[in-house]
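Student: Each chain, letter by letter, is given below.
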Amino acid sequence: MKVMSNAAILVRQVLAGEVWPALSDRHAYRVGPDGQPFLLPGMGGVTLGVHCGDPATGYASDHLEPGASVRHRDPAANMALQFLTCVGNQVRVASGPAAGSVGHVIGQHAYVLADFAEAQAADLTAGDAVTVVATGQGLALAGHPAIVVKNLDPGLLAAMPGGTGADGRLEVHVAARIPAEAIGAGAGMASEYANTDLMGAYQGLGEDLSLGLEGLRIGDIVAMADSDHRFGRGYRDGYLAIGVISTGQCMLFGHGPGPSTLMSGPAGAFRLVDDPGANLASWLHPEPAAAGPAAGPAVSAGEPR
Amino acid sequence: VTGLRLVAVNLLGVVEHPGVTTPYRVDRNGHSYVPAGDGGIVLGLELGDSAFGLVADHAAPGACLVHPDPASRHALAGYACIGNQVRVRTGAAAGAAGAVIGKRGEEGRVIVGLAQDDLARMRPGDEVAVRACGQGLRPPGLPADVTIMNLDPGLLPLLPVDLGAGALVTAGVRMVAPSRLAGNGIGRPAVAWDLDLQLPGPGAEGGADVALGDLVAVAGIDARYNMGYRRDWVTVGVVGHGASPQPGHGPGITPILTGPASALRPVPDAAGHAGLTAAMLKLQ
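Just so you know, the protein sequences line up as chains A and B, in that order.
So the first sequence is numbered by our numbering: it starts at 1 and just counts up by one.
So the second sequence is numbered by our numbering: it starts at 1 and just counts up by one.
Derived by calculation from the structure, the hints in this document are not laboratory data.
Note that the coordinates shown come from a computational prediction; the quantities given were computed from them, not determined experimentally.
Note that the Cβ used here is the ideal one computed from N, Cα and C, for glycine as well.
Worth double-checking, as some hints may not be accurate.
One side only, chain A facing chain B, incomplete, derived with CB under 8 angstroms [stated by the list, open to error]: (1) Gly35; (2) Ala129; (3) Ala185; (4) Asp228; (5) Gly254.
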């Protein structure tokens, strides 16, 4: 049965941000796994042509952030935006030629990452104002006291398959399972900020770097083994963290496609169901990529229920 | 590059004052705690002491040096090497000599050891000169695919490291940790950042003890540039600071050797290992 939650008592808060430019410095280059210098786009601005359901890797890109990358100019307001925004929250463009367009948050990466349909994303650029209807922090699941939920819009939770099983465990559909060896940059950080880079998904960069994760897609729901994200992000034997792949291809070593945390708890509190369709594109993306998984019923996450 | 001479650069460090924005941090079990010993001057903690012995967060055996200018601070962290000589320039301990023990990442910190009575006379804001030398070190006979970093050339012969005859480097270590325990520091540059190991510590979960100054190896980590996972690779570092209650953190190693397992072999000795000592650095 669908999991019961405290969604009815969560607040919704209107937050402001702007599409943030891509950033660089005069030294231009960063270094790859073998010291190879690179300068590649993907982080900041509006990254086009990659949406939920599309492959996460295989691009000439670094820290690929699909869609719009959003921050607030004021440092404290920015941290509030980064911490309070949840995956599935609605994002509305408030200025510029794309004003009125509606997208959804797919994760955090020291930017709030908002995916829009390609035609709308094409009209967006740095400096455009966006409005985020933030809701989800504080979400708790009835009957699953060992599981801590983070960064998850209750509307998205309602749309995801799975729920409370007959044995009391929480059934979660996942597109991939991640070994603990893959956990890269992001370990030791707050679970409400940025994401956890996964190593072992460097397409074309050497077999000895591979952990078999080259098939990840943007929007995939994944289960990270031996990861405890309840109070920050760290290694803990026998725990699981569930996340959504919100960033893609990296050339920078120790980095890679990254899941934003959605929930975490002891492995025994979950029942994982391997499901290639466990991807945000199945549930909330307005125009699923043609090559992506079959679309499920569209939901308007963040709207009153 | 082999055959080129190293340069030494005198840098200026300033003894750090600990900084907090909220009194509480959250530990791996969800409990709040006040972080004591995270940076600045820590008294009564020395090389050879357990990394798990104090109620503290990232406590280091000595003083942490920073610089008020961010770029200068990154240069200080990047160029300083373990074993480099330091000398206190201002304050009540002016003239006291010590040595670099390790470094920490993020904005950059250099950990320096001094005699306890010198440390006791120092205060945050004191200036300390660091004679930075070692980056670029490539001793003759070092196997081509092994890299040395963060190490004063004069300290190398004193450590339990055998460069062998050009084919295999061996390093005596306290333990070999699997890469899945590597936390903060992954994906960051090994010349300017330490690698925290999420070790359980002695006691409850039955882990082994680790001492400050120990050499510890991590299997499956390549630290030539940024630190990250590479199969059949080994990184050896010196434990420079102690444990942390925060998830994803733990005793931190400053990397000194990294190479393929075929050319760099750690030799663990849980009971008898001796790594970096105060005597080597003439801290008494």
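Student: Determine for every hint whether it applies to the structure shown.
Tutor: Evaluated hints:
no.: 1; hint: Gly35; in the structure: holds, 5 angstroms
no.: 2; hint: Ala129; in the structure: violated, 28 angstroms
no.: 3; hint: Ala185; in the structure: holds, 3 angstroms
no.: 4; hint: Asp228; in the structure: holds, 6 angstroms
no.: 5; hint: Gly254; in the structure: holds, 3 angstroms
Hint 2 from the list above is the single one not met by this structure.
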